[in-house]
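Asker: Chain B: place on chain A using the hints.
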Amino acid sequence: MSSEALLSVRDLRVAFGPVEAVRGLSFDVRAREVFALVGESGAGKSLTARALLGMVPRGATTGGRVRLRGSADLAAERGRRITLVPQDALSALSPVHPVGDQLAAAVRSVRRLSRGQARARAVAALDRVGIPDAARRARAYPHEYSGGMRQRAVIAMATVNEPDVVVADEPTTALDEERREQVLRVLAEQREAVGAALVLVTHDLEVVREHADRVLVMYAGRAAEVGPSGHVLGRPRAPYTAGLLASLPQDGPRRHRLPALPGTPPAPDALGPGCAFAPRCPLATAPCRDHEPEARTVDGRLVACHHADDLSDPLREFV
Amino acid sequence: MNSPLLDVRDLVVRYGPVTAVDRLSFTLDAGETLALNGPSGCGKSSTALAVLRLRRPDGGKVRFEGRELTNLTERELRPLRPRMQPVFQDPYGSLSPRHRIRDAVAEPLKVQGTWNRTDGPARVAELLDRVGLDPSYGDRRPHELSGGQCQRAGIARALASRPQLLVLDEPVSALDASVRAGVLNLLSDLQDDLGLGYLFICHDRAVVRHFADRVVEMRDGRAVPA
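So the protein lines, in turn, are chains A and B.
Under numbering that gives the first Met the number 0, residues 0 to 318 are what the first sequence spells out, in order.
Under numbering that gives the first Met the number 0, residues 0 to 225 are what the second sequence spells out, in order.
Chain A on its own, in the form it takes in the complex (with noise of 0.2 Å):
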């Protein structure tokens, strides 16, 4: 598996003085693949995109270890080989500066090019993500373009440099679903064009069911369970997962029950010594309580669960 990994995450954390809010996580990605970071509010998933680029908040540590393939810096790389698509287009671009003048801007930074070179690609850049009338365009200021054309502008500026790596954080957040829709296949296919390999930060199960190869899933800042989505989404192994999975809307009878999960996530200063998971989970014995449980290898993906051999079906526990 880490022969073929091109980012390779391992034993990742990030804290706040005494309180780890990603707490020890380990995964690769693989190149040209889309691997999707899914979990609640408060899992630690932005964080951790933040730490892989290197950009953790102000008054954070981090510890563990990013490593991009081929390169001895990540920090170096960012904005060449890995960028970041914010989670908002607007107040990721410069009010002050044309949109062009930023994306050209962002290859003078990477790239010795003249102005006209620069320029140039920055106009190719807007004009693949399917900005209509790019040269013009792109000398236009960011308070001109509508909402969804400034999510396409800061998809342009995170592919312009042809990266290897593009970290979406929740890029789809707040859109209703045609303009969703809209960006997820305006990055899949830059991300195609440029033959990067995307980490998608998501809450949305439907989103990872579409889009993803592979999906980690978050709960407490941790790993509850990583693998191939289809099989993970299709028959999970964690009875987080599972729960979550339960809880979604779907096509049945009109009001039937929702299985929610009881409780709501533990705050990161709240964490007691067991599996985060227990105090919500249907299956927790006094093992779950005790001991956090470390992740292996069942039925092809990684599950940290003391239950996951026993159960081949835990939706069902939920249902």
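Be careful, since some hints might not be right.
[Stated by the list, open to error] Label pairs and their computed distance ranges (CB to CB):
1) B:172 to A:289: 37 to 45 Å
2) B:192 to A:289: 39 to 47 Å
3) A:111 to B:96: 46 to 54 Å
4) B:102 to A:297: 47 to 55 Å
5) A:62 to B:76: 53 to 61 Å
[Stated by the list, open to error] Just some of the chain B residues that point at chain A, by a computed CB distance under 10 Å:
6) 11
7) 110
8) 176
9) 178
10) 205
11) 211
[As the list claims (entries may be wrong)] Some residues of chain B that are not near chain A, with every Cβ distance over 10 Å (derived):
12) 2
13) 8
14) 15
15) 25
16) 51
17) 80
18) 112
19) 115
20) 133
21) 139
22) 161
23) 162
24) 175
In short, the hints are calculated from the structure, not lab data.
All values reported here derive from a predicted model rather than from experimental measurement.
Yeah, the Cβ is synthetic: ideal placement off N, Cα and C, and Gly gets one too.
Answerer: Showing chain B alone in chain A's frame:
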């Protein structure tokens, strides 16, 4: 034949030159959920504001419990307001950060003059219990609650004045899936028990399919075939 709980005819809402809602018509019965579904900017929330008369419609009629609201003055509306209550998308934004949950839930009772010191606290505790919050949460402030708990508190406040109609504007869109399911279950139970009519605004088709009896699909301020 009973008249519908809510009867909206040819509703128009304009913002300057922009027509946000363009001759929209629908009805809603007690105990029924009607969803308004459509992309951002299609006029869903403008419809909600006009139904609640938080904004005066620029055309058309809104009848609620058989009474025409369109031309009522603020004073004439006042006795009707308790019967139609909103629940908003942002659970934190819809509660004052400085008020304890207990006071937020009691506020409608106080505003309407139905608060009294002997029964009031018990009524608030009953409302919190009704939405699945332990009454001890009454002592907390919104930032001490999770998003789902906060949304439950918002629902308790909406129920305080014994409404017949809840206008739910994206009530679960800001919630995580595991928590969203619980809030949807709660809304279902409340409707069954209290016979509430729900005008349910939601952009998520899966949620709408699960939750609504009928759907009005909106585009550019108009109803379009689903």
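Asker: All hints are to be evaluated individually against the structure, with a verdict given for each.
Answerer: Each hint tested on the structure:
1. B:172 to A:289: 37 to 45 Å: Between residue 172 of chain B and residue 289 of chain A, where Cβ atoms are some 38 Å apart, the hint holds.
2. B:192 to A:289: 39 to 47 Å: holds (41 Å)
3. A:111 to B:96: 46 to 54 Å: Since residue 111 of chain A and residue 96 of chain B have Cβ atoms about 52 Å apart, the given range 46 to 54 Å holds.
4. B:102 to A:297: 47 to 55 Å: 50 Å Cβ-Cβ, so the 47 to 55 Å window holds.
5. A:62 to B:76: 53 to 61 Å: holds (60 Å)
6. 11: violated (23 Å)
7. 110: Violated - the Cβ of residue 110 of chain B stays beyond 10 Å from chain A, reaching only about 31 Å at its closest.
8. 176: Nearest chain A Cβ about 5 Å off; hint holds.
9. 178: holds (6 Å)
10. 205: holds (5 Å)
11. 211: OK, holds: residue 211 of chain B within 10 Å of chain A, min 8 Å.
12. 2: Since the minimum Cβ distance to chain A is about 25 Å, residue 2 of chain B lies beyond 10 Å and the statement holds.
13. 8: holds (27 Å)
14. 15: holds (19 Å)
15. 25: Since the minimum Cβ distance to chain A is about 19 Å, residue 25 of chain B lies beyond 10 Å and the statement holds.
16. 51: holds (22 Å)
17. 80: holds (28 Å)
18. 112: holds (36 Å)
19. 115: holds (34 Å)
20. 133: holds (12 Å)
21. 139: Holds, since 14 Å exceeds 10 Å.
22. 161: holds (23 Å)
23. 162: holds (20 Å)
24. 175: Not fine: 4 Å to the nearest Cβ puts residue 175 of chain B too close to chain A.
Checked against the numbered hints above, the structure breaks hints 6, 7 and 24 and satisfies the rest.
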